[in-house]
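K.L.:
Chain by chain, the residues run as shown.
Protein chains: 2
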Amino acid sequence: MSSDLYRLTATEVSQKIKAGEISVQDYATSLLNRIAARDEAVQAWAYLDPAYVLEQAKALDAIPQAERGPLHGIAIAVKDVIFTKDMPTQFNSPIYANNAPALDAGSITILRKAGALILGKTTTTEFAATTVGPKTRNPHDPNRTPGGSSSGSGAAVGDFQAPLGLGTQTGGSTIRPGSYNGIYAFKPTWNAITREGQKIYALILDTLGLYARSISDLELLADTFAIFDDVPPPTNFTLQGAKFALLKTMVWPSIGPGASAALDKATSLLRAHGASVEEISLPEKFNDLPTWHATVLASEGRTAFLPEYAIAKDQISPWLVGHVENCDKISRKAQVEAFDNISFARPEVDELLGKYDAVLTPSVPDEAPLGIEKTGNAAFCLIWTALHTPVINIPGFAGENGMPIGISLVAPRYHDRRLLAVSKVVGEVFEKEGGWERKV
Amino acid sequence: MSSDLYRLTATEVSQKIKAGEISVQDYATSLLNRIAARDEAVQAWAYLDPAYVLEQAKALDAIPQAERGPLHGIAIAVKDVIFTKDMPTQFNSPIYANNAPALDAGSITILRKAGALILGKTTTTEFAATTVGPKTRNPHDPNRTPGGSSSGSGAAVGDFQAPLGLGTQTGGSTIRPGSYNGIYAFKPTWNAITREGQKIYALILDTLGLYARSISDLELLADTFAIFDDVPPPTNFTLQGAKFALLKTMVWPSIGPGASAALDKATSLLRAHGASVEEISLPEKFNDLPTWHATVLASEGRTAFLPEYAIAKDQISPWLVGHVENCDKISRKAQVEAFDNISFARPEVDELLGKYDAVLTPSVPDEAPLGIEKTGNAAFCLIWTALHTPVINIPGFAGENGMPIGISLVAPRYHDRRLLAVSKVVGEVFEKEGGWERKV
Numbered sequence: 001m002s003s004d005l006y007r008l009t010a011t012e013v014s015q016k017i018k019a020g021e022i023s024v025q026d027y028a029t030s031l032l033n034r035i036a037a038r039d040e041a042v043q044a045w046a047y048l049d050p051a052y053v054l055e056q057a058k059a060l061d062a063i064p065q066a067e068r069g070p071l072h073g074i075a076i077a078v079k080d081v082i083f084t085k086d087m088p089t090q091f092n093s094p095i096y097a098n099n100a101p102a103l104d105a106g107s108i109t110i111l112r113k114a115g116a117l118i119l120g121k122t123t124t125t126e127f128a129a130t131t132v133g134p135k136t137r138n139p140h141d142p143n144r145t146p147g148g149s150s151s152g153s154g155a156a157v158g159d160f161q162a163p164l165g166l167g168t169q170t171g172g173s174t175i176r177p178g179s180y181n182g183i184y185a186f187k188p189t190w191n192a193i194t195r196e197g198q199k200i201y202a203l204i205l206d207t208l209g210l211y212a213r214s215i216s217d218l219e220l221l222a223d224t225f226a227i228f229d230d231v232p233p234p235t236n237f238t239l240q241g242a243k244f245a246l247l248k249t250m251v252w253p254s255i256g257p258g259a260s261a262a263l264d265k266a267t268s269l270l271r272a273h274g275a276s277v278e279e280i281s282l283p284e285k286f287n288d289l290p291t292w293h294a295t296v297l298a299s300e301g302r303t304a305f306l307p308e309y310a311i312a313k314d315q316i317s318p319w320l321v322g323h324v325e326n327c328d329k330i331s332r333k334a335q336v337e338a339f340d341n342i343s344f345a346r347p348e349v350d351e352l353l354g355k356y357d358a359v360l361t362p363s364v365p366d367e368a369p370l371g372i373e374k375t376g377n378a379a380f381c382l383i384w385t386a387l388h389t390p391v392i393n394i395p396g397f398a399g400e401n402g403m404p405i406g407i408s409l410v411a412p413r414y415h416d417r418r419l420l421a422v423s424k425v426v427g428e429v430f431e432k433e434g435g436w437e438r439k440v
Numbered sequence: 001m002s003s004d005l006y007r008l009t010a011t012e013v014s015q016k017i018k019a020g021e022i023s024v025q026d027y028a029t030s031l032l033n034r035i036a037a038r039d040e041a042v043q044a045w046a047y048l049d050p051a052y053v054l055e056q057a058k059a060l061d062a063i064p065q066a067e068r069g070p071l072h073g074i075a076i077a078v079k080d081v082i083f084t085k086d087m088p089t090q091f092n093s094p095i096y097a098n099n100a101p102a103l104d105a106g107s108i109t110i111l112r113k114a115g116a117l118i119l120g121k122t123t124t125t126e127f128a129a130t131t132v133g134p135k136t137r138n139p140h141d142p143n144r145t146p147g148g149s150s151s152g153s154g155a156a157v158g159d160f161q162a163p164l165g166l167g168t169q170t171g172g173s174t175i176r177p178g179s180y181n182g183i184y185a186f187k188p189t190w191n192a193i194t195r196e197g198q199k200i201y202a203l204i205l206d207t208l209g210l211y212a213r214s215i216s217d218l219e220l221l222a223d224t225f226a227i228f229d230d231v232p233p234p235t236n237f238t239l240q241g242a243k244f245a246l247l248k249t250m251v252w253p254s255i256g257p258g259a260s261a262a263l264d265k266a267t268s269l270l271r272a273h274g275a276s277v278e279e280i281s282l283p284e285k286f287n288d289l290p291t292w293h294a295t296v297l298a299s300e301g302r303t304a305f306l307p308e309y310a311i312a313k314d315q316i317s318p319w320l321v322g323h324v325e326n327c328d329k330i331s332r333k334a335q336v337e338a339f340d341n342i343s344f345a346r347p348e349v350d351e352l353l354g355k356y357d358a359v360l361t362p363s364v365p366d367e368a369p370l371g372i373e374k375t376g377n378a379a380f381c382l383i384w385t386a387l388h389t390p391v392i393n394i395p396g397f398a399g400e401n402g403m404p405i406g407i408s409l410v411a412p413r414y415h416d417r418r419l420l421a422v423s424k425v426v427g428e429v430f431e432k433e434g435g436w437e438r439k440v
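Chains A and B are the protein sequences, given in the same order. Just so you know, full-length UniProt numbering puts 215 at position 215 of the first sequence, and the rest follows in order with no gaps. Just so you know, full-length UniProt numbering puts 134 at position 134 of the second sequence, and the rest follows in order with no gaps.
In case anyone wonders, no lab produced these hints; they're calculated from the structure. Hints may contain errors.
Remember, identical chains collapse to one label, so a pair may be satisfied in a single copy or spanning two.
Straight-line alpha carbon distances no greater than 30 Å define the calculated DSBU-like cross-link-like pairs of lysine-lysine that follow [what the hints assert, rightly or not]:
no. : residue 1 : residue 2
1   : K285      : K355
2   : K58       : K248
3   : K313      : K85
4   : K265      : K248
5   : K58       : K432
Could you build all of it, start to finish, from the sequences and the hints given here?
P.N.:
In C-alpha cells form, the structure reads like this:
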C-alpha cells in the first residue's frame, strides 16, 4: 500500500523505485504523512519544509533512469550540525538561529550525487557537545529521552519518519541514540567518511555516524561513502563456529540491569546458534582510557569553541565556557600525554579485537532514562570513539519497561565492512530472538 | 608619512591607530595603494575589493575606543581555502568558481571579533593540496615562485601588501613560502588554532599557519588565538649561554648549497653570540617519517576529496584523483601503521627537542626556484607537520641569487610561546647579520 511506504527500509524502497512501482514523490508523500502524524509526539526535526521535500522529490523523478544514483530517491535525515546548502544549520545554538550559509557538507555532497533526498535537519544537543536534551522525545515512550546528541536522527529513524539518518559521535552520540531508539547505528572508523562541513568539537574524536533499520541499508551507505576494508567481507558468514568475545571494559560498574541482561541474552543466543563467546578484558594499563578521552575532549574543545566564546560567551553552555576557560586546569603536558596514550592503545586494542569475528560490548547502561532534559550516559561508547574503531549498535533486546536496548559490536580500525557483514547475521538473530517488540 | 604606512608591522600600525595618529581608513588606503602599484607584478590576490576594504575600514573607525579589539584595524590576508562570509572562497578549483557561502571560518570569527580588517583572499594551489603554482610571483623576483600552497599570503606579506597573513600547512605550505618570501612564518602546534571552516586535506596533518614580518606580530596573533604554554615564556631570553641544536634530518640529501650555507652561517652567528649549537640526529627508527607522512597524506586525501571526485572528477587534479582512486594501492593496514608510527614518534621527538632552547633545521633546500609552475620542495617541512610540533621560519639569509632563505626553529608540542620568545631574539640576529638584503 502506497501509504505504508514509510515503513520500508531504504533497500526495499530503492527496489520499488527502480522497478517503477512507485515514484519518489509517492515515497516522499508517505514519509511526510508519517511525519505530520507523529511530529507532535516525537519532535525530531529542527527544520523540515514539506513543500520543498516534494519539490526535490519531483526533480528526482524527472531524472532519466540511466542517470540515477544508487540512493535515488532515498530519504535521509541530517543532524543539524552538518551543513546543507538549502536548509538552515543551527547547531541548537541561539548564536546560529536561522544560520543558513549556502554550503553542503562533504557527506551531503556525496549523498546528493548518489540521488538521496535530503529530508530535513534533525535536532541535536547544543553543538553536539552537551548532554542537555533538545525538544525531541523517544518514539517508543514520549516521557523518555531519545538520547543524544544525535537525538532527532535517532528518533526519526526509530519512528519510521526516515529510513536513514546522519549523526555524529564524539563521546557516545551515535551509538547511544541507536540503542535508545531501537535501530542500527554505525560509527565507522574515524575519518573513513569526510567530516568537511561537520561542526568540530574534538578533531581526534568526532566521527560521522549512520542510522538505519537494517544492516543492508548501512551497507548501501558504506558503498556510497566508499568505505572498503583491505579484504572484501565474507559473503557466507554464519554463527556456526564463529568466534566472539564479550568485553565488559573498565566502565562495567556503570552497567544497569537492562544492558547486563541484554548482554547475557546476546551471549546465550550466539552460543545457541553455534558461536563461541569468550570473556576478555583490556590490559590494565588502558584503565584510564575514559580519563584520557575526557582530557582530550576538554582540551580540543578549548580550541573548537573559542570563536563562539569570543563573540557570545553568554550564549553558550557553561560546559563549553569551561572548556575554553580550561576550568579543569588541564596542562598542555596532560593534554599531550592523554592524546599520546590513546594513540599507543589503538594498535594494541586492534590486535585484540582482530582475534574475533566481532567483540560484544554494552552500547548503554540500560534503556532510555525517563525525562528529556538529559540525554543519558555515554560511558560505554567513549573509549571506542577515542580508539577510532568501527562500532555498530544492534537492536533486539528490551529493558524492564519494554524499551529497546542494543548491543555494540566492535572490530579493528578499517574492518568496517567485515563488521557490517557479521552484524547482519547477528542482527537477524537479536531482532528475532532478543525479546524486544517494536510498537511504533 | 601616511603613504608609507603599508611598510609598518602590525604592532607598529596598532600603536599609531591606538594613539589616534592615523585612522584605519588611512592605513587601508596606504595598503590599497601598495597593492595597486604592485599587483600586476606579484598577483597575490584571488579576491580583493578595494571599495569593500575601505567600507570595512570606515566601519572600524566608527567603533568607540573602549569597544576596540586588540587587532583593531590591522589588515590580514586570508588564504583562499578559509571561508569568509563576505568574500568568495574558491580553493583555486573550477568546481568552486565564485563559490561564496555566508560562512566565516572559526579563525576568521576570532580575527574579526579582535577588530582585524579582512583584506582579501590570497592565491593557493588547488585545495592547498597540489604543488602546481597559481598565478602569483615571488615579490623578490617575478621569475620565481613564491612557494605554495600559501602562495598569495606569503607573497603579500613579503611584498608589504599586508602585515599579516593566514596560510595552511599539510606538507610544507606555510614554512616554505615563509622562506621564499623572506618573512616570519609560524606553524603552531596542530589544533592549537581551530581549523573550522578550513578546507580539509588530511585531518591529522592540516594546520593553520601565520605570516608576519616580525615576531611581535606573531605574538599578537598568538594572543588573539589564545595559544598558551604551560609555563609563560621567558621575557629575558638571551643568546649568551643559550642551548641550540642543529638537526639535519633524514632528508638532508635534498639540501642545496643555499640552505646549507645559511645553516652554517646561522650556527656561526648563534655561537658568536654566546650560544652553543650541538649537532643532533633523530633515532634511525624514525627514518621512514617522510614515507609515513606520504602514506597518511594520500589515504586521508582519499577521504577528503571523495565529494569533489563524486561530482566533478574531471575538474580536479590527477594527484587528487589518484588519492581517491588509491592509485598507490595503499592498504588500510599500511595506512593505520603509518598513522600509528607517527603517533609513537611524537613524544620521543618532543623529548629530544625539549632539551634545547630551540632546534634549527632547514626550512627549504634552497632559495625559491625559477618558474612559477611548481611551488618548490617541502621535504624539510613534512616531518614537523606530521609530528605536530610548532615551527617558525626565521628569515635573514640569502641564496646565490640574493633571494631570501630562512631557517626553521622547532620546539616540542605546545611550547609555541617559548618558541616565539626564542625566535624573537634569534630573528634579530639573523635579520641583521644573516646577509639577506630586502629590496622590495
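K.L.:
Against each hint, give a clear statement of whether it holds in the structure.
P.N.:
Verification of the hints:
1. Within a single copy, K285 and K355 get their C-alpha atoms as close as 20 Å, and across copies as close as 28 Å, so both meet the 30 Å cut-off.
2. Taking the shortest Cα distances, K58 and K248 never come within 30 Å of each other, neither inside one copy (49 Å) nor across copies (63 Å).
3. For the homomeric pair K313 and K85, the shortest alpha-carbon distances inside one copy (27 Å) and between copies (21 Å) are both at most 30 Å.
4. Only within a single protomer do K265 and K248 lie at most 30 Å apart by alpha-carbon distance; the minimum there is 15 Å, versus 60 Å between protomers.
5. In the homo-oligomer, the alpha carbons of K58 and K432 never lie at most 30 Å apart, since the shortest distance is 37 Å inside one protomer and 69 Å across protomers.
The structure shown violates the earlier hints numbered 2 and 5.
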